[in-house]
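Residue numbers (the numbering used here), protein chains in the order written: chain A, 1 to 612; chain B, 613 to 1401.
Some hints could be false.
Covered stretches of chain B, as calculated for chain A (at least 3 residues, CB under 8 Å) [what the hints assert, rightly or not]: (1) 791-798; (2) 818-832; (3) 959-965; (4) 1002-1008; (5) 1014-1023; (6) 1119-1129; (7) 1270-1279.
The set of hints was computed from the structure by calculation and includes no laboratory data.
Note that the structure is a prediction, hence the values are computed from the model and not measured.
The beta carbon of each residue, even a glycine, is placed where N, CA and C say it ideally should be.
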Amino acid sequence: MGKIIKKGTTGNAANYTTRNQALKRLQLKLEEFRRLCILKGVHPREPKKKRQGQGKTYYHVKDINFLAHEPLLEQFRTIRSHKKKIVRAKGKKEYDLAERLKNITPGYRLDHLVKERYPSFIDALRDLDDPLSLIHLFAVLPAEKRLKVNNTMVQKARRLSLEFQAYVSRTHALRKVFVSVKGIYYQAEILGQLVTWIVPHALAQHIPIDVDYRVMTTFLDFYEVLLEFVNFKLYHQLGLKYPPNLNSHMEDAATGLMAVMHEMATSTGATGLLEASAPTPNPESKVAKESEKRLSTLKDKMADLTEGDAEEEEHPRDAEAIDDAEEDMKVVIRDEHGQESQETHEEDECGNLFKGLVFYLGRETNRESLGFVIQCFGGKAGWEGEGSPIEGSDPSITHSVSDRPNKGHRFLSRDYVTPQWVYDSINFRVLTPTEGYQPGMKPPPHLSPFVDNEAEGYMPEYADTMRRLQEASKSVNLDAAAEVQDDESRGTKRTLDNDEDAAEKEYAAELAAEIAGVSYAQSLQKHEDEEEEDEEEDDEKSDEEAAPGKSAPLSGAEADAVDAGILKGSYLLPRKTRELYKAMQMGSAKKKARIEELQSKKKQVASKKQKK
Amino acid sequence: MAKRSSSREATKAPASQKKEDDENYEVTELGMSSDEEHEFDDQEVEVMVPPNDDEEDEDEAEEEQEDEEAESDGHGGEDESDGEISDDVEFDEEEGDADEEGEEDDDGDGEGDDAVDDEEFMERMLQQSIDEDKGAAGNEEEEDEEGSDKGPAMEDAYDSQGSDSSDDERPQRNTVGNVPLKWYKDEEHIGYDKDGKRIAKSEKRDALDAFLARTDNKKEWRTVRDEYNDEDVVLTKEEMEMVRRIRRGQFPDVNINPFEEYVDWMKWEDGGKHPLSSAPEPKRRFIPSKSEAKKVVKLVRALRRGWIKMDKPKEEPKTYLLWADDNQIMEKNANGLTYIPAPKPQLPGHDQSYNPSGEYLPTEEEQAAITMLDESERPKFVPQDFDSMRQIPSYDKYVKERFERCLDLYLCPRTRKKRINIDPESLLPKLPKPKDLQPFPTTLCVQYEGHTGPVWSVSVDPSGQWLATGSSDCTVRVWEVRTGRCQRVWRVGYAAKCVQWSPDPSVRLLAVAADTRVLLLNAEVGGPDVREATAKALTLIKRESDKSSDALAVWSSWEGEGAGALSKGGLQLQQKHVVRQLAWHHRGDYFTSVAPMGGPFAVLVHQLSKQATQNPFRKNKGRVLRAIFHPSKPFFFVATQQHVRVYNLAKQTLAKKLTASVSKISSMAIHPQGDNLIVGSNDNKLTWFDMDLSTRPYKTISSHAHSIEGVAFHRSYPLFASCADDATVHVFHGMVYSDLLQNPLIVPVKILRGHAVEDHLGVLDCTFHPTLPWLFTAGADQTVRLFCN
C-alpha cells in the first residue's frame, strides 16, 4: 500500500494558506502584514475549496512567498529597531541622542513597487481612480496627530492633486462633472483611459472616530508615490518640467490650481519645450533661482493676466507655446492610439466649449472646482477676492457665476448664472440657455452624466430637452462650419451665437407648447407611443386576431405576457437554464418596475405642481 | 547565635566585627554568669531575705557576696587570668561542664588575639571597651544589681575580645543532641551526660510546689524550666533587659549604637604619605594625545570644508521617468499570478444629484417610512434636494466611505467571475413558429350553454357531428356540434362524471358513468339504420346468472326519465363502487370502467355484445385512477397515483411500468399510433412518455399554474391539449416521427382562455374533434366551448 496522502497537501488546496499561517511564515505582526499587503497590492483570493474552514481569509502561497522576498520587509525591520533605539534613549533621558536618532530615522522608497504593480503606464492609469479620490480627500483633511495625519502628508496630497488637475485642465481632458450630495465627481479621459474621482465639498469634513486612519495613511503612502510618478510621466509627455513650481504668492492667496497653471504656462514659455526630458545638472538650485526671478516679476504678470481676452495678441510667445504643447500632446495621442480623429474631435469640443468666455465667480461659489472646470473647457475665470486675475468690473466678463441673487450693480453685458449652469453646460457639451439658471431661482434638475439613459430605459424630462438642444447645436455647428472657414476670427463666437439662437428658438417653441397645455416630453412620448403601437400592430396582427381576447377573464396585456412566456417554451429548457432564464427575467422585471415607479412618480410630481 | 555571628565575621568589615564580638561574648558571658548566679542562689536559699522585700533589698544582699568580684572587675585586663582561675576554682566541684567551657573560652580568646594583628585596631577596640567599662562603673552606683550581675560578665568580655569560636550557649548537661524530648517521655531519664550516665528525671512539681516556689522564691518569676537539661534557669537582670529590648524590637545589647558614625577605614590619616606605589606619575598623563589631535584636526578640516554636515537635510525622494520603456505589457504579475484589478465603484446615478429631478426624490410617505426604520435598516443613501449649491452640507459619511473602499481593496478576496451578458431570449430553445404549425384551435366558435352545473365530461361521436356532455346537474346532453343546439337530454339521477361515445361508427351509443351505475344510452341520432343498430345493441340479454348478488355488475335495462319523449331507455350496469371513468376499446365492443375506491374491483372490463363483465386483475397495486385501451394493439394502460402500468392482454402479462414522477396522476391520453402517452397530474405537470425510449418521461412540461384536469390527443393532426384548473387550455404541436431515431417534437402553440374558475375548478375536460383541428372544452363555469382554427 502506498503512502497515505494527507488531504489538502497537494493540488489546488495546497496553493492557499490562511492569513494566520502566512503571518507565522513571514514572522510578522498583523499590522505589519497589513501594511505590506497594502503596499504590495496583495489581496486575499478565493480558493475552490476552503480546507481550513469557511470563515477564514485565504492568500495564495505565491503571494506570500512574494511578500517574503520583498526588500521592504528588511527595511521595515531596520526602522523598527531604530525606533526602539529612540525609545531607549528617551527612557535614559538622553534627549539629545533621541533627537539625533530621530533625525536619522531610515526611510523607505516605494518606486520599485509602483513599477512592479503597474508594469506599463496604462495599467497605472486604469487604477488611478482610488488614488485620486483618496489624495483629494487627504488634501482637505486637517493634519491632526490624533489621526496620525501629519502636515507633510496633507501638503503633498494637495500638491499632487493640484498638479494632476493642472495637467487635466492643460490637456482639456475633463469629460464629465457631477455635483452629488456626496461630493463632486470628475471624469477625465487620459490617454484613452477614463479616470473618475470624487472630491469632497469644500467644507470641513466630518471625521469619524471608528475609522482606522493608519490603514488610510498606508494607502496614501503608496498612492502619493504612484501619483507622483504618474504626474511625472504625464508632464513629461507634454514636455513640461516636473515638479512644477508652485507660485507661493498665488498659493498663499488660495488660488490653488491657478498657482500651478500659471507656473506651467510661464515655464514652457521661458525655458522651452521638453525641458524635463533632458535632465538638468543641478535642478534644485536652478529652480530656486527661477522661482525667485518669477516672484520678482509677478506683479507684471498679474497685470498681464488681468488683461484677459487681449492676452493672446499681446503675448504671442506664450500662446504659441501652449499651442505647441497641445499639438505635441495630440501627436502623442496619435502615436498611442489609432483613432486620432475621434479623440481630437472630442478634445476640441471640450477645449473650445468655453472659449472666449470669461467667468467671474461670486463669493459663495466653489471657486476651486469652478476654476478647474472652466479652465478645462477653455474658459477664463476670475473671482471675488484676493489673487484674482480679473477685476470684478472688467468689461470682458461674459458670465457672472453666483449662488445668491445679485443685489448690486447688474452689468447688461453679462449673463448671471448659478454654478450649476457651468456643470450642466459641460455635461451636455453645449452652452445651455441661461434663463433657467438665474441666481436665486431653483435651477432645473442636475442630472448625472454617468447614466446612459437609453440603456437604463428611463429618460428624465430635462435630459430629453437637453438632447434636443444638443442635436440642434450640432446641426447649427455643421452649417456654421463653412462660414467658420471663411471668417476664422469670428468663427467661435458666431457658432456660439448660432447655438444660442437655435436653442432659444427651440426653447420658445417648447414654451409655447407648454402654454398650450402639452409638455413637449408628453407630446413626444405620445408620438413615440403611436409609432410603437403601429409597429407592434404589424408584428402582432396575427396573434391579435387569434387571441380570444374578448372572452378572457384575464386582462388582455397580462394574459398576453403570460402566453408569450409559455409559448416561448422556457419550460422546455433543462432546469439549470430555466432557472437562469427566470433570474434574468426577474432582473429585467425589476428594472421595468423601477422605470414604472419613476414614471408614476413623475406624474405625481407634475400633478402636484399644477395644483400649486 | 555563635555560629551565625562567626560565619558573618568571615565576610564583615572590621568595623562591624567589633560590634559582633561584643555581642558575642556578652551573650556567652551572660550565660556563664546566670549559671553562676543560679548556683549562688542555690547556696543562698537559706539566708535569703523574705520575698515581699523589694528588689533593692535583695540586690543589697547579693552585693555583699559579690563584692570581691566587683572589685576584680575594676582591675580590667591585667587580672583577667586570675579572675578566671578564681571562677574556675570557685565552681569547680559543682559544675564540671562550666569549667571546661571556660577553658575553651580561654583558648578561643587566645586565638582571637592572634587573629587580630593590627595594632591600631586593637588599640581602638581597647579604648572603646574601657570607655564602656567606665560607663558601666558609673551605672553601677545607680543600679547595684546590674553591676553585681555584670561582674564576671564584664571580666569575660575582655578575655574574649575578637573571639570567634566562643560557645555562647549554656553548657549542655544532656548529650542526646537536638532530639525531641518526647522520645524520653516514657523513660526514667531524659538523656545522658557526657560521661554516658543517665540523667534522671527530676520529680515533677505539682501545683502546690509551684505555688510554694512562687511564694518562697522571689526569683521564681524569672525562673525558666529547661526541660532538656532538666533544670531551672533563673534569668539574670541583663537577660531580662535583653528580653525586654528584643520585645521592643531593639538591639538586645544596650551598648550597640545603630546610628554610629561612619569610619572611613581606608583613609590614610597621614594624608597619603604612604601610598601603595611610590612610582612617580607618568608624563603622558599630563600632555594631550597626539593621535587624538590628529583625528580632531581631520574632523575640523572636514567640518570647515563642508565635507561633514551636522544637520543633513533629509533627502527628498526623487521622481524620474518610471515607465520609460512602456511597450512591454505583461500578462502576469511579478508574483506569477494573474492580476485581478479591483472592481471600480459604481458611478453615481441621477438620484445622487444635489438637485435631482422630482421623480427621484422619496415621497413624503416614503420619507416617513424611512425615518421610522431602524438605523441599520435604512437605505444607505436617500436622495436629497437642495435649491442651490451653497446649501449642500458636508457629507458626513465621506471619510467612512473612503475608508470602507480601502478596506475592500485589501481585505476582500478577488476572483474573476464570468458575467453572463447574453440576451435571455438566446437561452430559449429554437422552436418553429406556431404560425408554421397551423392548423390548431385558436378561436372560440361555439359555446354550448344549458348545463346548470360544472360540466365534467365531453365526448364527440365518431362522425364528429354530435357532442355529448355530462354534468354535475345530473343530466347528460347531446349537442349538435355546428349549431350548438341541444339535441337530447337525459336525467341520470346522479352527477354524470364521464361520458364516452362508442367508437363503433355503425352505432351512436353513449356510455355514461353516473355514481355507481354505468348507463349505455341510445343517442338516437344519425340515419335510421344507425338508430336501429344501436337499439339492437342495447337490447338486454336475459340471463340467470345476472341475478346473483356476487356478480361484478348487474346488467339491466334502464328507462330514462328524459326530457320529453325524445329520450329513450338503454342499458344499465349496476356496480358496487362509484365509477369515475369509462374508456372504450377501439372496436367498440369492450369498454372499461374505473372505480377508484373499488379496491380489487376497481377496473372492470365489460363486453357489450355478450353483456358480460369481467375483472381482469385479481388485485390492483395502489388506487387506480384511469384506464385506457391501446388504439390498435391488445394493450391495456392502468394509471395508479404515480405509475402507469401497461398490460399485454393477449399474453396477460405486465409489459411496462411507467414512472411519471408526479404526485398524483389525474388524466391520461394515448397517441393514436400507440407509442406515446401523455399524463396530466395534480402538481401542474404534463409528462410525455415515449414508450420506445424509456419508462421515464421524455419531457415534463409544467406550463399550467394549477392542476391539470384533462389531456387529449388529436386523432389525425399532430396536436395535443391539456386543460387545467387555471381555466386555460394549452394546445401543443406534438409531432411523432415514424423514424424511430428522431425524438418527438413538442411545441406549445396556443393558450386558449375563456373559461372562468369556479370553486377552484377551471376546465374539467377537453377533447379533439375526430377529423378537424377543433377542440371541445368542458368548464366548471357550466359551459362547453368549441375552439376552431
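Against the structure, the hints:
1. 791-798: n = 0 at 8 Å, threshold three: violated.
2. 818-832: violated (count 0)
3. 959-965: holds (count 6)
4. 1002-1008: Check passed, 6 qualifying residues.
5. 1014-1023: holds (count 8)
6. 1119-1129: n = 0 at 8 Å, threshold three: violated.
7. 1270-1279: Not satisfied, violated; 0 residues make the cut.
The structure fails to meet hints 1, 2, 6, 7 from the earlier list, while all remaining hints are met.
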